[in-house]
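Novice: One letter stands for each residue in the lines below.
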Amino acid sequence: MRASTSGSIAGPAAVGLFFLAAALFFGSHVLAGTAPDGVAGGAAGALAGVWRGGKAVFSDWKFTDVFLPPRYRRGYRPLQPVAYSHRTHVEKLGMECQYCHFGVNKSAHAVIPSVDSCMGCHASVRSDLPEVQKLKNYWEQKKPVEWIPVSNLPEHVRFSHERHVRAGVACYICHGQVNKMDVVEKASSLKMGFCLSCHRESGAVNDCGACHH
Amino acid sequence: MGEKTKFTRREFMRIAGAGAGVCAAGCLRDLPQKLIPYVVAPDEIIPGVAAWYAGTCFECAAHCGTLVRVREGRAVKIEGNPLHPVNSGGLCALGQSAVQAAYDPDRLREPMRRNADGSFSAVPWNDALYSAAEAIARAREGGKRVVLISEALSLSEAALAREFCGKTGAEHLQYQVFPADEVEQAASAVFGAGVRADYDLSRADCVVSFGADYLGTWRSPVEFTRARSTRRAPDAEKGGTAAIFPRAVHFEPRLSLTAANADRWYKTAAGSECSVLGVLFRKIVEYGGWDPAGQDSGRVAKKNVRSAAVRYGMRLCAGDALHPGCGVTESEIEALARELGQCRAPLIICGGPVMSGADGERAMLISLLLNIVLGAAGKTVRLCRASAEAKLPEVLSSGLSARLAEGPVPEVLIVAQVNPFFTLPEKSGFSRLLERVPFVVSLSVNLDETAERAHLVMPLSTTIETWRDSEVRPGVYALNQPAMQPLYQTQSLGDTLISLCAAAPLGVRFAEDTCFYDYMRRAWKERIGADNFEEQWLRFVELGGDFGGTAQESISDWSLNPELEKVISRFDVKNPESSPGLSLLAFPTPVFGDGHGANRPWLQELPDPVSTVVWGSWIEVHPETLKRFGIPKNSCAKVITDGGELEAPVLATEHIDPGLVAVPVGQGHAALGRFCRGVGVNPLAVLGAGSGKSAAGFIASGVRLERSALRQELLQMQGSDSQLGRGIIRTVELAVLQQSAAVHKIAMHKESHNTHDVHALGPRTPPKQMYVQAEHPQYQWAMSVDLSKCTGCCGCVAACYAENNIAVSGRKMCAEGREMSWLRIERFLDGPPEHPVLGFLPMMCQHCNNAPCEPVCPVYATYHSDEGLNTMVYNRCVGTRYCANNCSYKARRFNWVESYWPEPLNWQLNPDVTVRCTGVMEKCTFCIQRIREAENRAKDEGREVRDGEIQPACASSCPAGAIVFGNLKDPHSAVYRQAQLGRSYKVLDAELNTQPAVTYLAKISGGKAK
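Residue numbers (the numbering used here), protein chains in the order written: chain A, 1 to 213; chain B, 1 to 1010.
Okay, chain A solo, but in the shape it has when bound (with noise of 0.2 Å):
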């Protein structure tokens, strides 16, 4: 090698960053499946069907979600305090993404349901499983329960759920098919060029100030 020959020690570094950071780069989907601790595991493979049908894989895929800590990456899936199932609520019981996400056509929040919305109907409901148990606890004790973002969006950046939700844009598009989902995972980068591929389609604004300020 060159590097070798020319007998620097720069070279030899540079060449080893370089591999590591290729290394990092197309195993990237092997850490983005693996865990942290705390963090549910899960194989790339069986996110497929999840994130945009497996389209936004490759098109959405970027150098720096390695070097994001995981939260921000695609396919993050924390360990919620309370293993809610949205699979169960949306896709088998039917129920609507606004009943419990009321601010979604209201306000720039989508809005985390409080624990006495939960409580309307487990007050009655199940009431034997041991995760609806955890949140007869919380309730009782008066506490919130602490849920774990999932999907973060990158700073210095506004985003308004009324406006998006009132243009007709499907909750799929950004969340990914939630109502598939025991465990919410990040199912799109929900970085600058992921918006803009978006509004550049749908002729939406372009406009840093529409966002950035």
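Simulated from the structure, these hints should not be mistaken for laboratory data.
Fair warning: there could be bad hints in the mix.
Have a look at the derived ranges for each label pair, beta carbon to beta carbon [what the hints assert, rightly or not]:
(1) A:Lys-134 - B:Asp-43: 34 to 44 Å
(2) B:Asp-43 - A:Phe-159: 19 to 29 Å
(3) B:Phe-12 - A:Tyr-99: 54 to 64 Å
(4) A:Ala-83 - B:Asp-43: 22 to 32 Å
(5) B:Arg-138 - A:Ser-127: 53 to 63 Å
(6) B:Gln-718 - A:Phe-159: 35 to 45 Å
(7) A:Ala-83 - B:Arg-937: 32 to 42 Å
(8) B:Pro-82 - A:Phe-159: 45 to 55 Å
(9) A:Phe-159 - B:Ala-934: 13 to 23 Å
(10) A:Ser-107 - B:Gln-712: 42 to 52 Å
Each residue gets a CB set at the ideal place from its N, CA and C atoms; glycine is no exception.
Using the hints provided, position chain B relative to the given structure of chain A.
Specialist: Same frame as chain A, now just chain B:
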């Protein structure tokens, strides 16, 4: 270079790439880790949507209406209530800073008891109440004196305090630093008890004021500013310039905000205002301009009253004469007398700390009598029946200590919401008395100077956390609802008094009321009547009060007080002439008021409107006086009075009487909190002892000046007094405006006093452009500022700080010119020193179409948007600061250091605005978050944004209504119409072709007569 050391490009790229990746990963900041929902969601709150609650401002005696913006249960912004009869939407800087009082990191959080070594330890509320009640009960049994000192209370709180004193045997003393009832006192002397006089500036054609800084600090500045500006838009009305343009003449020994905005300011010698007023009275009577035959029938009916007023007035001002050095000549007074005589709606105003000298009371009487003589009483001086509040114990000012010393030393002293240890002179003996009281209870928001010396401290809630009410003026009832839950274990004053009574050792109950809310509601129910009370109550809470005004109309059957003869005879003995030596004036500033809000960082950072000083006090002295005492100009001086001495930097200005030194009130705290401790000096401490109600007042005579060893810099934010002919603030003479109303081009003076340099402007046709011109398909946001209305009060600056999360940079950074304000008031002072012409110009980012900042940004962080905004993308900014260097308006601010909001001050931050970090440039955005909100709403409703729907923070708070915002593409919008006016111009546009989006309307000078 040898082969061995060669480092190839490719290798460099590899290392750089990997290094950048590692760096990027290391630079990440983490977002909050948890999403915490409500346990039980409140019905009315949608996270992310702001709620507005109507309230009332209790920062001064004016009691303006407010709207408090609340996000997720936290108050983030206070604005004026447009429906309120007092302020109609405007709010001053002090009022807006009330939100920082709630989030003050040095606030009292729980009751505390003082230990033997002077430190405080927390006690539970029940223990605190028990020990206070026990002390009161013991004192009552022993026949000892219990005294409650409170601020001037209003409506329900006042009734409650009266009842509290009745139940506990306490004596109630009301205390106010600057007496707000001087007009009431004089009105009851002239018109008889139970008559209240209010000044209506909106109807006055000529306002002559003596001492009263009515645009800055006196009585109800926001209301007066709003009333003044309704008449100062000659071209806004349909008839163009036909309407009479009001004229303001002001007499005061120093340049206050009112003096700065008057059409003519006479720098009177300190203590000579009353003689000037007396001479004016005599001249008007001599001139006979009040000829009853020429007036309307209502005036004729009062003929007898007026001749009586002439008789009394002549007696009062018999001995008055103009001294050679009093600042105004005989002929000038004569001209003014003629003008007033011809004027249809004149108004004479008098009052304020300047008039607190020996002649103050006499001047008040003469001014009211002069209003009668001129036929202003009942017209521009509104007379109505006084409200029930007049039955309360009189409000004491500097006479508080004398009143306290009248009886035996109190056994228990309850000090509620006032800080007399700080605001009373050392010489008044309050501090010595405080030491001798065996048990002092302080009810206070912060641990102020008085609370620090109390044995027991009970924390009070701030106004935005409590229910309060007030009778602003007869028939106008204001209500304040809590906009958020109390942050700490605090209570309102009312609740504290009720629970103090209910505590075991006293054990008295307030009928069925367990809390102040019940008490207040019951009082309202009794007043309104029981039928459909609930419905009405909800409406009043929503509106912020009951403005119905059944008793509001002025009375017509007023007459002179039969007792007036007796009152006047007191003044028959001429007061001895005041000594010709130097005297000291302690004056309130529009920013600090009486100084209770000194620990709010915004107020410290806000430049004083006239002197533009921040973070400190100053001594205003005439250069001649400095020379006389041998003090260099840019140094510090020591002011020595009978009551003590103070040291502060000198502000040498020709706009003060040489026989006077003036020091602003509000600074010089030794306690209260971290932001104000040790900043500036407190002139109130060195004044003489007050004897009567307000006799000694705020002027100390026999003052000496000395050189001081203190080395402190005066931080004046305005670099130059003169605009050096650059035409930043332009004036147009009224006569010119009237002649050429239809013509676009109007001669405007670039510098008011420089008549040679006349510049013709108006909306101009843009010259040939080198750059591609921006297109604005739908909206082009623009602003216009009417300099004829703007008084420079700084309300907009405070609003900008509050809305846009602007960091307070502190004394050191301000000294380096690194303040962060997006909006500043340019103050220029041109013209001869005896009659300076002041101009105030709110300067913010001009959102230029040809912005100099845009092409120099290497990373495209700032650019011109389709809507005409000069947008700043923070996360793209790398901090080269090229843009700030290239900005012609100094509108851009760079974050040199990390902004500092000690918990819980950061709870005030507006969640809709990004908090900028170090290394990022920032500037005015035209409140882009409000634009987006309005656009969002318009989109939801399928329409365009309406004119006036978007109100940037500065525009919505402006007491004068000088700032208008809107879409320049819409020819019907107010901003478009203003931009087309003859007196419109753009700052530096003709020279630099920047094409700003901000249009200024030239200041109109002249007034009615010469």
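Novice: Are Phe-159 (chain A) and Ala-934 (chain B) spaced within 13 to 23 Å by their CB atoms?
Specialist: Roughly 18 Å apart at Cβ, these two residues keep to the hinted range, so it holds.
Novice: Could you see if the CB distance from Ser-107 (chain A) to Gln-712 (chain B) stays within 42 to 52 Å?
Specialist: holds (50 Å)
Novice: The hint says 22 to 32 Å between Ala-83 (chain A) and Asp-43 (chain B); measuring C-beta to C-beta, is that right?
Specialist: holds (29 Å)
Novice: Does the hinted range 19 to 29 Å hold for Asp-43 (chain B) and Phe-159 (chain A) at CB?
Specialist: holds (26 Å)
Novice: Is 53 to 63 Å a correct range for the gap between the Cβ atoms of Arg-138 (chain B) and Ser-127 (chain A)?
Specialist: holds (58 Å)
Novice: Is it true that Pro-82 (chain B) and Phe-159 (chain A) lie within 45 to 55 Å of each other by Cβ?
Specialist: violated (32 Å)
Novice: So does Phe-12 (chain B) sit 54 to 64 Å from Tyr-99 (chain A), Cβ to Cβ?
Specialist: Taking Cβ atoms as reference, Phe-12 (chain B) and Tyr-99 (chain A) lie about 57 Å apart, which means the hint holds.
Novice: Is the hinted range of 32 to 42 Å satisfied by the C-beta distance from Ala-83 (chain A) to Arg-937 (chain B)?
Specialist: Check passed, 39 Å falls within 32 to 42 Å.
Novice: Between the beta carbons of Gln-718 (chain B) and Phe-159 (chain A), is the distance compatible with 35 to 45 Å?
Specialist: About 41 Å separates the Cβ atoms of Gln-718 (chain B) and Phe-159 (chain A), which means 35 to 45 Å holds.
Novice: Assuming the hint says 34 to 44 Å, is it satisfied by the Cβ distance from Lys-134 (chain A) to Asp-43 (chain B) or not?
Specialist: violated (27 Å)
Violated hints, in rising order: 1 and 8; the structure is consistent with all others.
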